[in-house]
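Colleague: Take a look at the letters that make up each chain.
Protein chains: 2
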Amino acid sequence: MAHKRLQAYLTYYQEELEKAYTSCFNKLEIPGNLKQSMLYSLDAGGKRLRPILLFASYEAYGQDVQKAMSSAIALEMIHTYSLIHDDLPAMDDDDYRRGMLTNHKKFDEATAILAGDALLTYSFELILNDPLLTADEKVTLTRELTACSGPKGMVGGQILDMEAEKQSVSLEAMEEIHALKTGELIRFAIFAGAYLANATEEQVRYLEKYAYYLGLIFQVQDDILDVSGEEEKLGKRVGSDELNEKSTYPKLLGLEGAIAQKEKYVQQAYENLKLAGAEDSLLKALTDYFSERDH
Amino acid sequence: MAHKRLQAYLTYYQEELEKAYTSCFNKLEIPGNLKQSMLYSLDAGGKRLRPILLFASYEAYGQDVQKAMSSAIALEMIHTYSLIHDDLPAMDDDDYRRGMLTNHKKFDEATAILAGDALLTYSFELILNDPLLTADEKVTLTRELTACSGPKGMVGGQILDMEAEKQSVSLEAMEEIHALKTGELIRFAIFAGAYLANATEEQVRYLEKYAYYLGLIFQVQDDILDVSGEEEKLGKRVGSDELNEKSTYPKLLGLEGAIAQKEKYVQQAYENLKLAGAEDSLLKALTDYFSERDH
Numbered sequence: 001m002a003h004k005r006l007q008a009y010l011t012y013y014q015e016e017l018e019k020a021y022t023s024c025f026n027k028l029e030i031p032g033n034l035k036q037s038m039l040y041s042l043d044a045g046g047k048r049l050r051p052i053l054l055f056a057s058y059e060a061y062g063q064d065v066q067k068a069m070s071s072a073i074a075l076e077m078i079h080t081y082s083l084i085h086d087d088l089p090a091m092d093d094d095d096y097r098r099g100m101l102t103n104h105k106k107f108d109e110a111t112a113i114l115a116g117d118a119l120l121t122y123s124f125e126l127i128l129n130d131p132l133l134t135a136d137e138k139v140t141l142t143r144e145l146t147a148c149s150g151p152k153g154m155v156g157g158q159i160l161d162m163e164a165e166k167q168s169v170s171l172e173a174m175e176e177i178h179a180l181k182t183g184e185l186i187r188f189a190i191f192a193g194a195y196l197a198n199a200t201e202e203q204v205r206y207l208e209k210y211a212y213y214l215g216l217i218f219q220v221q222d223d224i225l226d227v228s229g230e231e232e233k234l235g236k237r238v239g240s241d242e243l244n245e246k247s248t249y250p251k252l253l254g255l256e257g258a259i260a261q262k263e264k265y266v267q268q269a270y271e272n273l274k275l276a277g278a279e280d281s282l283l284k285a286l287t288d289y290f291s292e293r294d295h
Numbered sequence: 001m002a003h004k005r006l007q008a009y010l011t012y013y014q015e016e017l018e019k020a021y022t023s024c025f026n027k028l029e030i031p032g033n034l035k036q037s038m039l040y041s042l043d044a045g046g047k048r049l050r051p052i053l054l055f056a057s058y059e060a061y062g063q064d065v066q067k068a069m070s071s072a073i074a075l076e077m078i079h080t081y082s083l084i085h086d087d088l089p090a091m092d093d094d095d096y097r098r099g100m101l102t103n104h105k106k107f108d109e110a111t112a113i114l115a116g117d118a119l120l121t122y123s124f125e126l127i128l129n130d131p132l133l134t135a136d137e138k139v140t141l142t143r144e145l146t147a148c149s150g151p152k153g154m155v156g157g158q159i160l161d162m163e164a165e166k167q168s169v170s171l172e173a174m175e176e177i178h179a180l181k182t183g184e185l186i187r188f189a190i191f192a193g194a195y196l197a198n199a200t201e202e203q204v205r206y207l208e209k210y211a212y213y214l215g216l217i218f219q220v221q222d223d224i225l226d227v228s229g230e231e232e233k234l235g236k237r238v239g240s241d242e243l244n245e246k247s248t249y250p251k252l253l254g255l256e257g258a259i260a261q262k263e264k265y266v267q268q269a270y271e272n273l274k275l276a277g278a279e280d281s282l283l284k285a286l287t288d289y290f291s292e293r294d295h
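In order, the protein sequence lines correspond to chains A and B.
Going by UniProt numbering, the final residue of the first sequence carries number 295, and the count climbs one at a time with no gaps.
Going by UniProt numbering, the final residue of the second sequence carries number 295, and the count climbs one at a time with no gaps.
It should be emphasised that the hints constitute simulated quantities derived from the structure, not laboratory data.
If you're wondering where the values come from, they're calculated on a predicted model, not measured in any experiment.
Any copy, or any two copies together, can satisfy a pair, since identical chains are not distinguished.
Using 27 Å as the maximum straight-line C-alpha spacing, the simulated BS3-like pairs for lysine-lysine come out as follows:
#1 Lys106 <-> Lys47
#2 Lys246 <-> Lys105
#3 Lys209 <-> Lys27
#4 Lys106 <-> Lys35
#5 Lys274 <-> Lys264
#6 Lys246 <-> Lys35
#7 Lys166 <-> Lys106
#8 Lys166 <-> Lys35
#9 Lys67 <-> Lys47
#10 Lys284 <-> Lys209
Given only the sequences and the hints, what does the whole structure look like? Please build it.
Modeller: What follows is the structure, encoded as structure tokens:
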């Protein structure tokens with residue numbers, strides 16, 4: 001697919017998502033300071049990759065993504081809450097993200113903790129209140145979302161990641177951490193889109209494998225950019241992983257080895273995409289986009 | 001009701017709840033450190049008042065509380081997560097709770113933040129996976145629970161409470177803060193029990209009013225105990241509200257005035273309990289218990 005068409009797609013869905021969540025927040029009657037803090041970090045969001053994957057997965061099998069909108073917003077809210085908590089002094093202690101002050105720097109730590117809690121809780125509420133979804137769909141989506149984001153998923157991965165810091169871990173252990181910490185939300189994106197568009201169970205199974213490799217592609221490229229990227233494009237310092245003594249693909253495999261590993265993941269992703277009958281969908285172009293991104 | 005029968009009831013349901021959540025955690029495959037941290041604070045729990053209110057509300061209209069168990073555990077987990085985050089250095093900065101080290105003191109701040117996040121997320125998952133509930137029941141329960149605990153409920157109340165600190169607020173403003181910060185989870189307890197036991201919509205409406213007053217009774221008694229309680233029974237320092245310059249009932253109304261205000265709330269609670277057809281239930285005895293507790 002031409003780069004231009006993908007870029008137009010990304011821009012279109014970024015704007016659709018932002019319009020949709022802004023409309024939700026306009027109707028939400030909550031304390032002003034809390035709303036500002038939640039919206040500050042949502043608005044500071046980057047490329048909206050998770051929602052866009054969800055839309056693309058939906059469009060591989062169905063039409064009219066409105067049915068997937070509440071899940072996409074919920075997913076972006078959960079991603080945002082995890083960044084707010086990750087940036088806290090007790091965690092990564094970051095003052096800036098994407099060139100803007102982190103939530104606890106813009107507001108204060110207590111507000112940032114509560115804004116994260118509120119985004120997490122409200123994300124489920126959004127899906128549960130969506131008039132376009134049946135009760136069964138609501139249950140399936142929220143159940144998957146809790147599993148992907150909670151102790152068995154993202155939060156579990158964050159704990160493992162903390163434990164793995166300052167020690168070298170094997171490639172397998174590192175893959176497990178990434179699969180939980182970043183992969184599970186990507187899996188939800190791919191699952192939710194296909195599920196809502198009535199993909200078959202077999203298609204969903206292959207797509208979930210695809211999502212697993214896509215998550216790893218995302219992570220290995222992140223590690224590669226941390227070694228060889230341009231600070232201006234990244235909006236953060238190059239070499240911060242080295243500084244934090246984190247286990248990364250380049251450290252375990254060398255830069256060339258990391259790039260070769262990424263290629264293996266890309267082939268696996270393609271393969272499963274084909275088996276899911278979605279090789280002609282936007283997911284193919286997004287796979288390349290993930291693999292080749294420079295920020 | 002005789003004090004002894006209430007005490008036996010409390011003990012029985014405390015144990016049932018603890019058995020049930022321990023069984024859930026035994027089956028839960030998550031990183032060991034995360035599980036320990038989640039369980040540490042759950043196990044440090046006190047009287048399990050919220051789950052017990054849920055069971056009592058259920059028993060006012062139905063039998064076999066097993067159907068209400070997942071909601072009761074979820075509610076206790078959300079209460080526990082809120083305490084873990086409240087105790088953090090950036091919030092209340094408490095080293096001890098109920099005579100035990102707080103979560104971030106026993107583990108570390110990062111683990112405590114993540115344990116809170118995990119308890120919150122897992123609470124919804126428990127309800128969504130409960131085989132005793134229909135899809136409609138799951139949707140109703142989780143939707144109410146997100147509303148009660150999120151930005152429109154408890155978390156909103158915590159933000160208002162922080163904003164009200166170090167300034168004197170009116171009785172009305174203080175009531176609004178309490179209604180959100182502590183009242184909404186109590187409302188969920190009462191709602192969920194009656195709803196699951198198939199109480200009529202009218203009964204539920206009156207019960208929710210009852211829950212509103214019960215929450216205020218809980219809070220005014222908390223404030224009264226902070227002035228006149230015994231440290232040993234409370235497990236915390238008497239006079240800490242004064243120290244923290246918090247607006248309290250005794251400060252706004254004097255100790256006598258606070259006791260009179262509590263009596264008004266008790267009468268309102270009785271009245272709505274009667275209108276809900278539940279004046280002969282355990283909720284009556286629990287109202288008195290809330291009103292007269294010494295710790």
